[in-house]
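Visitor: The chain contents come next:
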Amino acid sequence: MSSDYGFQQLVLLNSAGYERAELPLDESVSLIAPNNTGKTSLINALQYLLIIDKRHLDFGAHDKDKARHFYFPSNSSYILLEVTLPESGSVVLGCVGKGFSHDYAYFAYRGPLKIEEYRLDNGKLVTQPQLLEQLAQHGRTANFYSSTEFAEMVYGGARKRGQTSSEFTVFRLENRKDANAYRQVLTRTLRLDKLSSGEVKRHLLQIFSRQLPDSVVDFKQEWDKAFAEVNQDREQYRAAKNQQKLIDELERQQEERLAIRGRIIARRPLIDDGLERWQNHYQTESERLQHQLGKLQKQEAELLQRDREQTRRQSELNQRLEALIKDEQRRDELKNRFALVNDRSQLEQQLASATAERDRQIALLSNAHGQSAAAIDDLIRREEKELSVLGKEQETLSDNLYLTLKQHISEDQLSVLNRGLARQLLTLPPGDYQLDPNQLHRWLEGMAADRFELPGLNLSVADQPLQYQQRSNEEISRLIDDCESRLQQLQEQKAATLEMDTQNKRKAKLEQEVKGLEKDLEQFDELAQLQNSRPDRLKEIAAARQELEEIEHAQEQAGAQQQALREQIQGVANQRQTLDAAHQEIERGRQNRGDTDEQFNWLADLPHTPWVGDPELPLDQLAQTLRNYQQDCYQLKELDRDLQHRRITLHSGGLTKFQYAPNPEEEIRLMVEFRHHLAREAEALEKKARSAVVTVTASLRDLRGNLQSFENAMHEFNRLISRRKLSDLKVFRIQPVHENHLVEAIDLLIQTAEKVESGESFELFNQSSVLDDRQLDQARQLLIDEGSARHGLKVADLFRLTFELGKENQDVESFDDIDSAASNGTVLMAKLVTGLAMLHLMQDKSRNVQALCYLDEALALDAANQRSLIKTASEFGFALMFASPSPLITAHYCVPIQQLSNGKNHISRKHWQILQPLETVEA
Amino acid sequence: MSNTSQFQQIASNLPNLAHLFRWFNRGRHLNRISEPVLWEELERNLDDYVAIFTALGFDLRLDGRGFAWFHQDDGSSNTNKATRQLALLFMVIFDTQADAGIPLMKFEHWRIDQTLLTTVFEQHQDLLKAEELDLSGLASLMRTAENFGFARYDSGAWQLLPAVCRYLDHYEELASQVDQDEDVSWASDQDDEDNSL
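Keeping their order, the protein sequence lines are chains H and X. Each residue of the first sequence is one higher than the one before, counting from 1 in my numbering. Each residue of the second sequence is one higher than the one before, counting from 1 in my numbering.
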C-alpha cells in the first residue's frame, strides 16, 4: 500500500564521507555496497532530521561529537530530506554545518529539493551564512530553526511564527505524548535489526503508557498513607485504653484543680481585705487587752498587800489574845487557890507565926551537939566484938592452946609463937587443935629468937606485941563489965543522935513553910493586880476577837475577790494569747503567702469552676480561711506539678494525640473527653481500618486494571503483527506473562478488600486480623519490598514479555530473548515487524506519510521473506531499505555506492536502477 | 587497556557489583522474591553485568521467572554432590506434594516445615536411606538449599524460591524424554500392529 505522500529523497552534500549522495526513499531500496563503505552512515544521517533531540541520537559505537565532525566537516555540509506532505506538498527539511565548530543548523522550506539551488555560480556549494539568501534567489523562503522548534515542527508541535501547524509536520501522532517514544522507536527503525527484547518491552510500555495513566504505585507509601492515620489512631486508642486509670485520676485532679482555682479566685480579695482589717483589729484589741490586764494586775497587787497586812495584824491579835487569855487563866487559878483567903493580913499573920517557930527550932538545934548516929553505931559494933572475945577467953581460961603450949615449950619459944599467932588461935579449945610437941619443938629450935619461920617464909616478930596474956577470971570479968557499961552509954548516945535529925527536919520544914507563905503572899498580890486589870482585859479580848473575826471575814472576801481577779486576768491573758496566736498564724500566713507565684495573678484567666461559697469573711474566720486558702494554694501548685507529671506520663505512655492543643489545660480536657468516648473511638477506628484497606487497594486495583488494559492492548498488537506471515512462522506473538508473586499478592489484597467492602466477613475481618493475617502480611511485605526496590510499582513490574514462536507442525515455544528464538532471518523479520507495528500504532492512521525503515544484512532473508517484509512495511506506512553487498531484486530501486578516486563516496541519481516486474513494464 | 577502563567505568556505576559477584560465585541463586533490591539492580543493568561477568569468565543466566545464577556446565565434584542431593531433596518433596494432590507450580506457597519433612521422609525412607539421609539430614539439606538460594527460612518454615524451577525443568525434561521414549515404543508397537494388519 504505497502512499502518495512521504519521504521522497535523501541528499547528502559534502557530508559523512559523501561528496554527494542522492537516495530515493519513495519505494523500497536495495542499497548496494561492500561492507564498511558507509551504508549505515548514510541512513544514520537521517537521525539529525528525524530524531533531532541530541540526547536520542544514536550512532552505535561512535560518540556524538565524532559523529558531528563526520557529518558536518564544513559550513557547506548538508543533509537534506524531501518529503511530500498532504497539507503543503513538497517540503525540504535540511541540516547544514556551521563550519569550524562542527555545529549545525536546521532549516526548512516549501518546494522540491533541487541540488542545483545549493550550488553557487562558481560551482561551489553555498555556505551556511549565505544559504537563505541563495535559496531566496531561487524563490525558496527558507528559515533557520532551533532544534526544539524544528522538532516541534516535524512532530506537529506548537505553532511558531504564524506558520500553520502542519506546514512541515512529517509525523502526526495520534497522541502528542507519544512523540518521545515515537522518536526512540524511530531511531531503532533506522537500525531495526538491533532491536532487543528489553527495548520492545520498554517501547510497548511507552506506547501504551497513555492508556495506563499514573501507573506508578508506591505501595508502601500508599499503605502507610492509608494506614498512617489508622495506626496513629489505634496507637492513641490503645495508649488511652491502657492508661484509663491514669486518665481518670487526671480527670479527678483536674476537676479538683478547677474547683481550687475557683475557690482561690473568690477568696483572694476577701483574704486581702481581711488581712488589712485584721491588722487594725489586732492593734486595737491588743492595746485594749493590755490595758485591761494592767488594771487587773494592779488590783491584784493591792489586794495582796492588804491581805498581807491583815495577816500580820491577825497574828498580832492572836498573840495578844493568847496572852490575855493566859492572864485570865492565871487569875482563875489564883482565885481558886486563894478562895479562902479574904485578906492579905491573914497571910501575913501566918507568915509571922511560921517565922517565929522556925527561929525557935534553929535555936534548939544549935544546942544539941554530938556525933553522928553512924559513928556511934561503929563504936557500938566494936564494943560488942570485944565483949564476945572476952566471953570466949573466959570460957577457955582453964584449957586452951596457950596453956597447953606453955606446958610443952620454953618461954622464948612461946613468946615467938605468941607474937606470930593470932590471939583467937591461942585461945582455941582442945577440941579444935592437935599437937605433936616433939615435932613442934624441933621446928622451934631451928628458929632465931625474933624470927618466925615457915617453910619458904621468914617473918620478923621482934617488934610484934604478944597476942595473948594469961589473965585471971576476975580480970576478965571486970573487963567484961567495963565493956558492957560502955556499950550502954553508946546506945543512949545513939538514941539522942536520932532525935536531933527529926529536929533538923522540922527546922527545914519550917523554913519551907515560910518560903511558901512568902510566895503566896506574892501571888496574892498578883491576883489582886489581875483582878484589878480584869475588866480592861475582858474588853480587850472581846475587841481582839471582834477584830479577828472581821479580818477573817475580810480575808474570806478577799480570797473570793482574788480568785475572781485571777480568773479575770487569766481570761484576759487567754484572750491575749488567743489573739496573739491568731495574729501569729495570720502573720505567718501573710509572710508566706502561697499565692505569690506568677500564675496566681492570671488565675482568673485560667479555666476554673466558679465558687459558690460565702462572699463575706468575718475576721474570726480569717485565720481558718487563710489556712484553708494557703492549703488550697499549695495544693494547687502540687496539682499543677502532679498534672504536669501525669500528662508527661501519659505522653510517654503513647497518648500524644493532643500534644499540640493550644495549652495543657485544653490537652487535659481533650484527653479526658477522649477517654470518655473510647468505645465510640474503637468503633470509628474499626471503620477507618476498613476504609483504609479499601483505599490502599484502590491504587492496587488501578494497577491491576492497567495490567489488564495492557494485556488487551497487547492482544491488539499481536493481531497487528500476525496479519502477515513471517518466514516459516505459524505463530509469532509477544505475550505478557505475569510476575506471579506480585500479581497474586495484589489479587489477594484486592479480594480481601472486596470482602471488607461487601461486609461479607464483617466479623472475621477486624482490624487486628487484617494486620496480623500472615498471608496478607506476606503479600503486603512483598509489594512493599518490590515497590521500594523499584521506587514504586509500575505495570511494567507486573509482567515480563515473552516471544512466542510456533513453526508449522510444531508446538509454540516461548523465549525471553527474541534473538535466541529462531534463525537470523526470522529474528530479523520478527524485529522489523514488531518495530514497524509499534510505530504504526503511534501514527495518525488517517494521514499516510510514508517513512523509511532500514534493514542491514538483508541477505539473511530469502526473496519471499523480502517481499513479504516490503509489503508489511508498506502496510505500516514505511518504505523498506535493504543494505547488502549485492543487489536484492525484490526492491524497487537498486542504488550502488560508488567510491571516487579522492576516497569520497558518491551516489548519483544517474546510477539508480529501477526494477519492475516484466509484466508491468510490458504493460 | 581501553577495555579495562571501560569496565572500571561500568563497575563504578554498579554499587552492588562486588556483592552480586560474591553471591553468584558461591553458586548461589538470586531470586527476585527474596532479594527485590538486588534483583532490580541486576535487571536494570543487566547488559553491564553480563558484560563484566562474561569478561571475568562467568556465564550469568537470568530466567524470566525471576531468578539468576552463574551457569556452570561442569561443576566441581563437591557441587555435584550437593546438586545431586538437592535434586533428590526437591524430587522427594515434589513427589510427596504431588501424591497429596497439591499443584506443583505453586511450590512457592508451600510451607516446608518439620511436619512436611517428616511426611516426606516417611514416604521416601528407602530412597533416602540409600543416600544415607535421615530426617535431620533432610533438614540440613534444606539449609543447603537455603545457602544456594533455592529456599528461604521464614517464621518456622522454609519456602521454596523460583530458582527451584531449574530442577523442575530438569524433571520435566526427563519426564518428557521418558514419555517420548514411551511414545516411540508405543508407536513402534503401533507400527508393528499396522504391519501386522
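It is possible that some hints are incorrect.
To be verified - Pairs of lysine-lysine residues, derived as BS3-like cross-links and limited to a Cα-Cα distance of at most 27 Å, are as follows: (1) 326(H) to 494(H); (2) 794(H) to 129(X); (3) 730(H) to 509(H); (4) 106(X) to 220(H); (5) 755(H) to 106(X).
Simulated from the structure, these hints should not be mistaken for laboratory data.
Visitor: All hints are to be evaluated individually against the structure, with a verdict given for each.
Guide: Each hint tested on the structure:
no., hint, verdict
1, 326(H) to 494(H), "violated, 55 Å"
2, 794(H) to 129(X), "violated, 49 Å"
3, 730(H) to 509(H), "violated, 200 Å"
4, 106(X) to 220(H), "holds, 26 Å"
5, 755(H) to 106(X), "holds, 24 Å"
The earlier numbered hints that this structure contradicts are 1, 2, 3.
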